[in-house]
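Q: Here's the letter readout for the chains.
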Amino acid sequence: MTDTVKAAQDAPDAEQPYRELGLKDDEYARIREILGRRPTSSELAMYSVMWSEHCSYKSSKVHLRQFGEKAPQTDALLVGVGENAGVVDIGGGWAAVFKVESHNHPSYVEPYQGAATGVGGIVRDVLTMGARPIGVMDPLRFGPADAPDTRRVLPGVVAGVGGYGNCLGLPNIGGEVVFDETYAGNPLVNALCVGVLKPGEDGKGIKLAHASGLGNLVVLFGARTGGDGIGGVSVLASETFESTGPTKRPAVQVGDPFMEKLLIECCLELFAEDLVVGIQDLGGAGISCATSELASAGDGGMLVDLDRVPLRDPSLAPEEILMSESQERMMACVEPKHIERFLAVCKKWDIPATVIGSVTDTGRLQIDWHGERIVDVPPRTVAHEGPVYERPYARPGDQDALQASGPESLPRPSTGEELRAELLKLVAAPNVASKAWVTDQYDRYVLGGTVLAQPEDSGMLRVDEETNLGLAIATDGNGRFARLDPYAGAQLALSEAYRNVATTGAKPLAVTNCLNFGSPEDPAVMWQFAEAVRGLADACLELGVPVTGGNVSFYNSTADVAILPTPVVGVLGVIDDVTRRTPMAFDAEGDVIYLLGETRDELGGSEWAHSLHGHLGGLPPKVDLAAEKLLAEVLINASRDGLLDAAHDLADGGLAIGLVEMAIRQGRGARVWLPEGIDPFVALFSESVARAVVVVPRSEEVRFTDMCIARRLPHTRIGVVDGDTLDVQGQFSVPVEELRATHAATLPAIFEPARDASPLNAG
Amino acid sequence: MRIGVVTFPGSLDDGDARRAVRIAGAEPVALWHGDADLKSVDAVILPGGFSYGDYLRCGAIARFAPVMSEVIAGAKRGLPVLGICNGFQILCEAHLLPGALIRNDVRRFVCKDQRLRIESASTAWTSDYSAGQEIVVPLKNGEGGFVADEATLDRLEGEGRVVARYLGDNPNGSYRDIAGIASEDGRVVGLMPHPEHAVEELTGPGTDGLGFFTSVLTSLVSA
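These protein sequence lines are chains X and A, in that order.
Using the UniProt record's numbering, you'd call the opening residue of the first sequence number 1 and step up by one each time.
Using the UniProt record's numbering, you'd call the opening residue of the second sequence number 1 and step up by one each time.
Honestly, the hints are just simulated from the structure, not real lab data.
Given the structure is predicted, the values throughout are model-derived calculations rather than measurements.
Beta carbons: idealized from backbone N, C-alpha and C, even for Gly.
Hints may contain errors.
Stated by the list, open to error - Partial list, derived from the structure: chain A residues whose beta carbon lies under 7 Å from chain X:
(1) L12
(2) F109
(3) K140
(4) T203
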């Protein structure tokens with residue numbers, strides 16, 4: 001029997017399973033206080049899912065405020081934190097919309113669907129703002145590459161990212177694949193989407209999630225509602241995996257990229273004809289979230305007939321319909337005079353659309369089920385005024401010991417032969433090796449705007465075919481650095497993404513972030529989180545790039561072991577003319593190679609210490625934001641002035657790996673002499689920040705060095721593009737082909753299944 | 001010269017095909033799957049994508065779209081038709097070309113810059129190439145393995161209807177490394193790789209793909 005508001009009034013003391021739904025005693029008491037009675041089971045479902053960590057940000061809110069409080073002054077930010085995605089003015093009448101989000105827990109349970117619907121969700125967030133999605137990126141983290149479970153999770157996740165994104169027709173232009181033991185039972189599947197729109201003089205090109213205007217209609221359109229993902233948000237995103245217990249498979253949503261492709265085209269046509277007042281996508285918490293957020297941000301009142309929702313499974317109870325996370329659904333607020341045309345556009349794209357309610361002036365969100373009221377709540381208490389926690393946090397007891405056990409104790413290679421051997425080992429290490437096995441499963445060509453894609457430093461897309469205006473995005477994160485010092489670690493993630501964007505010639509404008517951490521109930525994890533947010537907010541202010549939005553993912557741990565704290569930072573940049581972009585490859589013979597920036601003995605948390613010695617300790621490289629800014633200015637100006645043939649950021653594996661990657665890209669070698677006055681091992685493998693390698697045509701060498709001198713950027717001439725060998729003079733040399741083969745072999749050897757033993761191969 | 005590009009629900013490379021037509025110097029005309037109307041175009045391209053989601057067999061539903069009855073009728077009159085990737089699958093399903101495309105033998109989606117050899121320069125879509133010419137264009141498919149019975153393969157080879165072949169490692173298990181084939185009259189061509197993604201230096205591996213789009217203009221002028 002359906003639990004109604006009347007029943008709740010008549011039986012005020014009925015027992016309710018709020019704990020099973022993830023609500024604490026005091027949270028339940030607060031709901032009763034808000035309503036002045038016990039909630040109905042439908043209201044309980046709504047509050048439980050909307051007050052979950054995933055939807056309410058109850059543990060992170062007090063820290064995330066810094067992104068607003070410390071936001072740098074900028075004219076570029078059109079829509080900031082709080083909407084579905086940030087909107088950034090990139091000039092020429094265009095704005096970019098971008099955001100990164102996590103889908104970690106579902107992807108461990110069901111790798112293919114978890115990853116696929118992660119892509120689907122972030123694409124809808126960008127679409128909802130009124131933008132045409134034009135690209136995706138996927139920062140991924142897994143357990144050790146050769147661990148048996150990684151062989152289950154990684155291929156499934158990659159196939160899911162590809163299966164959804166490819167079928168949607170969005171180029172996948174970059175991301176990361178990182179391996180570390182702490183992700184073994186808890187992979188990180190983050191998904192970023194970028195889109196573009198023309199805001200127009202009046203800003204009407206930007207769509208917002210609000211249901212305003214008394215009498216306006218509430219339309220649910222897209223896929224039918226089914227039983228998938230019921231409680232996915234609260235059950236999956238707010239609990240740690242335990243080794244026992246029933247399978248949680250049914251809680252993962254199932255994606256239909258074809259429906260989403262139609263939904264994109266349908267929505268863009270609705271936007272173009274200006275047929276919607278407000279719009280919200282349905283993701284986590286489904287109809288509960290969409291109705292309460294639309295009403296809360298609008299005039300405050302909404303009446304919905306829940307029995308009008310088209311169902312895939314007619315046996316669903318109203319509580320389940322409210323919580324269902326069926327994918328590929330949207331909710332719009334439409335003026336009655338536009339409804340006929342709205343429904344006609346949906347019909348053209350074969351999109352089911354149903355009017356399920358209207359905007360009222362009651363200030364309440366009211367939901368009926370076959371004529372009986374089952375929900376009657378103030379929408380703000382569901383959507384925006386959830387609980388806020390000041391979780392206790394404390395520096396972990398082992399932090400000092402961790403920082404004290406630096407990499408100084410590790411045996412360092414000293415002869416040329418030893419350096420060569422360690423270089424090849426590092427080139428083959430899963431974190432450094434070619435990710436082509438992964439990225440070759442993603443379509444990077446569709447839409448015809450991809451100027452740069454992985455393994456280039458940033459993904460770059462042409463936005464305007466007339467003017468060649470473009471945008472660039474890079475995502476970075478280094479959990480080891482963040483473990484050693486979360487404040488610095490978050491800043492280093494930002495620094496690297498910022499540097500990557502500038503390396504390709506684009507000017508960094510704005511930031512999105514996905515903060516992946518362990519349990520907020522653990523004071524040590526909460527300290528990592530608080531430090532990371534503080535560090536990121538401070539660095540964004542100093543670099544002048546505001547945070548536009550993002551996502552927090554807590555409870556990433558297996559048993560009691562938390563993942564490395566992993567703030568993943570995405571930086572968006574703009575480039576006025578994409579034909580001026582700077583690629584990474586050594587290309588023209590005789591070009592001169594310069595190392596920009598300063599190299600110090602910094603190997604704490606480095607890829608060398610991790611991959612060759614399994615060591616994590618000491619301090620991460622020193623953050624130097626002023627140096628990053630200076631380096632970026634030179635890289636951007638030199639690109640615009642046509643002074644560079646190539647550039648590559650130095651990060652994991654230092655100068656050594658940077659040179660290898662530049663050589664492998666086009667199969668062209670170099671003669672390199674290491675800078676004087678520095679130990680060759682440190683010169684090659686240190687991961688000091690604010691550095692890049694650039695390749696300068698001889699004809700531009702004087703202009704380029706003059707620019708560096710004028711701006712006081714340290715620059716060292718370290719080599720010449722030449723031949724088919726990477727020759728580090730006085731130390732060692734390796735044929736580029738050997739580097740390429742070593743770099744390419746690792747992932748296929750682990751993940752490539754045998755080819756079909758079908759008659760096909762006989763053909 | 002007007003070249004039609006059909007948009008099915010789930011077509012993805014339709015915009016790219018129109019851009020390629022424009023760069024080749026012709027006028028692209030958008031055609032809609034639900035309209036049995038070719039708008040008097042001089043040639044038709046069926047672009048890549050996942051028409052109708054390809055949840056059944058690739059191209060199996062698209063062949064029944066209203067626009068396809070006109071494409072099939074046109075092809076029988078000698079209208080040049082190029083099917084790229086999903087378009088190739090649709091042409092096979094529509095029996096305008098023999099054989100079928102099945103799941104890649106590597107069992108995963110493959111996206112790479114693919115070397116091809118143009119085997120026949122006597123079709124409406126390859127006349128600007130020379131036979132034996134090697135080109136590089138992107139390949140991206142999950143179900144790109146071309147299969148046919150031995151007799152059909154022998155006939156295709158014998159009649160010079162193998163249009164392009166994969167060089168290097170066979171990327172998807174296609175029989176005899178076949179990347180594209182033509183109809184008996186050489187007017188209908190199906191191709192698994194994507195020449196429309198290789199028409200600009202800026203965004204493609206080069207401009208080797210442009211020849212398909214200029215060829216049809218040459219054919220139309222000389223016809």
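Q: State for each hint whether it applies.
A: Okay, the hints, checked on the actual structure:
1. Of the supplied interface hints, the one on L12(A) holds, with its beta-carbon coming within about 3 Å of a beta-carbon of chain X, less than 7 Å.
2. Contact between F109(A) and chain X, as hinted, is supported at the beta carbon level, the nearest pair being about 5 Å apart and thus within 7 Å.
3. Because the closest C-beta pair between K140(A) and chain X is about 5 Å apart, less than 7 Å, the hint holds.
4. About 6 Å separates the beta-carbon of T203(A) from the nearest beta-carbon of chain X, less than 7 Å, and the hint is met.
Hint compliance for this structure: no hint is broken.
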